[in-house]
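Asker: The chain contents come next:
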Amino acid sequence: MSASSSAEIGASLRHEDYAGVVSRLAALAIDVVVLTIAAAAGAGLVLGGAEVVVGDTPGWLVAVTSFVLALLPTLYFSLGWWIVGQTAGGLALGIAVRRVGGRPLHFPRALVRAILGLAFPVVWLIGLALAFVDQRRRGLLDVITGTEVVYLPERGAQQ
Amino acid sequence: MIRALRLPLGLAILLAERVRADFGADHPPERAPEAPPVAALEGAPVGGSVAILESGPIAALERAPVAALDDQPVVEPEGGPVAALEGGPAGPQEIGVAAAYAVGLADIALSTSARIARSAVAAAQKRGRVGAGLLQTVLGQPELARVTAPARRATAAAADWSAATVARGRAVAAEARTEAVTFLRLESANGLDWVRGEVMPVMIDDLVADPKVRQLAMEQAQGAVNDVALEVRRRSARADTSLEAGVRKLLGRDRRELAP
Chain A
226 MSASSSAEIG ASLRHEDYAG VVSRLAALAI DVVVLTIAAA AGAGLVLGGA EVVVGDTPGW
286 LVAVTSFVLA LLPTLYFSLG WWIVGQTAGG LALGIAVRRV GGRPLHFPRA LVRAILGLAF
346 PVVWLIGLAL AFVDQRRRGL LDVITGTEVV YLPERGAQQ
Chain B
-11 MIRALRLPLG LAILLAERVR ADFGADHPPE RAPEAPPVAA LEGAPVGGSV AILESGPIAA
49 LERAPVAALD DQPVVEPEGG PVAALEGGPA GPQEIGVAAA YAVGLADIAL STSARIARSA
109 VAAAQKRGRV GAGLLQTVLG QPELARVTAP ARRATAAAAD WSAATVARGR AVAAEARTEA
169 VTFLRLESAN GLDWVRGEVM PVMIDDLVAD PKVRQLAMEQ AQGAVNDVAL EVRRRSARAD
229 TSLEAGVRKL LGRDRRELAP
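Chains A and B are the protein sequences, given in the same order. Take the first sequence: its letter number 13 is residue 238 in our numbering, and every next letter is one higher. Take the second sequence: its letter number 209 is residue 197 in our numbering, and every next letter is one higher.
Accuracy of the hints is not assured; some may be wrong.
[To be verified] Example chain B residues on the side facing chain A (calculated, C-beta under 8 Å, incomplete):
id, residue
1, Ile192
2, Asp193
3, Ala217
4, Ala225
5, Ala227
6, Thr229
7, Val235
8, Arg236
[Said to hold, decoys possible] A short list of chain B residues far from chain A (calculated; beta carbon distances all over 12 Å):
id, residue
9, Ile104
10, Arg106
11, Pro199
12, Leu218
[What the hints assert, rightly or not] Across the chosen pairs, the derived CB separations fall in these ranges:
id, chain 1, residue 1, chain 2, residue 2, range
13, B, Lys237, A, Leu296, 39 to 45 Å
14, A, Leu304, B, Gly211, 25 to 31 Å
15, B, Arg222, A, Val293, 33 to 39 Å
16, B, Glu207, A, Glu379, 17 to 23 Å
17, A, Val289, B, Ala217, 34 to 40 Å
18, B, Glu207, A, Ala263, 26 to 32 Å
19, A, Gly371, B, Asp215, 31 to 37 Å
20, B, Leu238, A, Glu379, 27 to 33 Å
21, A, Ala268, B, Trp182, 52 to 58 Å
Hint data in this document are derived by calculation from the structure and do not stem from the laboratory. Nothing here was measured: the structure is a model prediction, and the numbers come from that model. Positions of the beta carbon are idealized from the N, C-alpha and C atoms, including for glycine.
So that you can see chain A by itself, here it is in the shape it has in the complex (with noise of 0.2 Å):
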């Protein structure tokens, strides 16, 4: 989405047009469940392959892969909402994080956004709660990082 329709979004949202919790919430969880699916195969062929070529799993392997590991949730958050704005569960639920006022993020707030929701997970959750009593339905992590959650238009409505 190119930086001119990000502004005409955020320049005519209402508050209906903002994602709500339970939208939020239900792109965490497909987030999680592909994340899950992703670090499991990604484990296992790794460690799997090196068992089957080798005949033994180096520790060195294993400690990269679980640096890599520990490091795929941040970067498949920040990347995602950096690059389109989007994760997979975003894209299924048809949400975007964008910043305030309707740009898309720059990678270092991305980075910040997922290293902060990721390190406090319970802070990010229960601080969605504000998204009850937000105009702009923004959670505690949209408000410190500056961002907003907003519905994209179904690709109907805009044909």
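Once you have looked at the hints, place chain B on chain A.
Answerer: Relative to the frame of chain A, chain B by itself:
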């Protein structure tokens, strides 16, 4: 010859039945009568002209026990012996087939005539009861009976011939129909086996390999997924609104009081 023609005749009969059933004839389609064996039809009982129309000599033939009919003297039509229908010399067979067609037409005409005559007789029966009694008295005189005997015999013979011809035609038609049905069933079974064994696998392979079909299947699947996603989004958006309204109601806050 007759066997060669029997199948087309039966197919024509089936076609005619189908047309009659599909387009609705003036009268309901008659089922092919359970024709008695052709040999049993010879020597049909003879009735007077009105009696033929009233009771139907054909029906009488169909109801008559075979053994009783066998004992009757044979009155053969001009077309030749009835046995020729089952495989006699070539000449009579051809005449027999032609007679069968003619009998079909005669049967229709006779049935129609019978209905008309029954109606006429029923209408005239009431008025003519007195006159009929008088006429019966006159005709009952021995001298008059002797004079009219040749005419009555000729009438009876003609009626007998007609009845036997019609019955034979029906028997031939029934046999031809049965043969045609058997032929069609056999051919359709063979055709289905051929289609299943030879045509269907090739068609399925062609369809699977056809890029257009693949693209169509992909588009269908993609469309289904999009529909599901769209529905999920709409439901989640509705749930957002509902949940938010419930929470605001619990908190006792109006939407206008929302934080900016």
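Asker: Now, for every hint given, state plainly whether the structure supports it.
Answerer: Hint-by-hint comparison with the structure:
With 8 Å as the threshold, the beta carbon of Ile192 (chain B) stays out of range of chain A, its nearest partner Cβ sitting at about 34 Å, so the hint is violated. The interface hint given for Asp193 (chain B) is violated, since its Cβ lies 34 Å from the closest Cβ of chain A, which is over the 8 Å cut-off. Given hint, Ala217 (chain B) at the interface with chain A, holds; its Cβ is 6 Å from that chain's nearest Cβ, closer than 8 Å. The restraint placing Ala225 (chain B) at the interface with chain A holds, with a minimum CB-CB distance near 6 Å, inside the 8 Å limit.
Among the interface hints, the one on Ala227 (chain B) holds; its C-beta lies about 4 Å from the nearest C-beta in chain A, closer than the 8 Å criterion. Contact between Thr229 (chain B) and chain A, as hinted, is supported at the beta carbon level, the nearest pair being about 7 Å apart and thus within 8 Å. The beta carbon of Val235 (chain B) is positioned within 8 Å of a beta carbon in chain A (closest approach about 4 Å), and the interface hint is therefore held. Of the supplied interface hints, the one on Arg236 (chain B) holds, with its beta-carbon coming within about 7 Å of a beta-carbon of chain A, less than 8 Å.
Every CB of chain A lies more than 12 Å from the CB of Ile104 (chain B), the least distance being 71 Å, so the non-interface label holds. With a closest Cβ-Cβ approach of about 72 Å to chain A, Arg106 (chain B) is found to remain outside the 12 Å limit, as its non-interface label requires. Remark: the non-interface label on Pro199 (chain B) is consistent with the geometry, its nearest Cβ contact in chain A lying 25 Å away (cut-off 12 Å). Taking the minimum C-beta to C-beta distance to chain A, about 6 Å, the non-interface status of Leu218 (chain B) is violated against the 12 Å cut.
Hint check: Lys237 (chain B) to Leu296 (chain A), Cβ distance near 43 Å, so the stated range 39 to 45 Å holds. A beta carbon spacing of about 29 Å between Leu304 (chain A) and Gly211 (chain B) agrees with the range 25 to 31 Å that was offered as a hint. A hinted range of 33 to 39 Å for the beta carbons of Arg222 (chain B) and Val293 (chain A) is consistent with their spacing of about 37 Å. Checked against the hint of 17 to 23 Å, the pair Glu207 (chain B) and Glu379 (chain A) passes, with Cβ atoms roughly 19 Å apart.
Distance hint check: the CB atoms of Val289 (chain A) and Ala217 (chain B) are about 36 Å apart, consistent with the given range 34 to 40 Å. Taken as a hint, the range 26 to 32 Å holds for the pair Glu207 (chain B) and Ala263 (chain A), whose Cβ atoms sit roughly 28 Å apart. Separated by about 35 Å at the C-beta atoms, Gly371 (chain A) and Asp215 (chain B) satisfy the suggested range of 31 to 37 Å. The hinted window of 27 to 33 Å between Leu238 (chain B) and Glu379 (chain A) holds, with their beta carbons roughly 31 Å apart.
For the hinted restraint 52 to 58 Å between Ala268 (chain A) and Trp182 (chain B), the CB-CB distance of approximately 56 Å keeps it satisfied.
The structure fails hints 1, 2, 12 (numbered hints given earlier, in ascending order).
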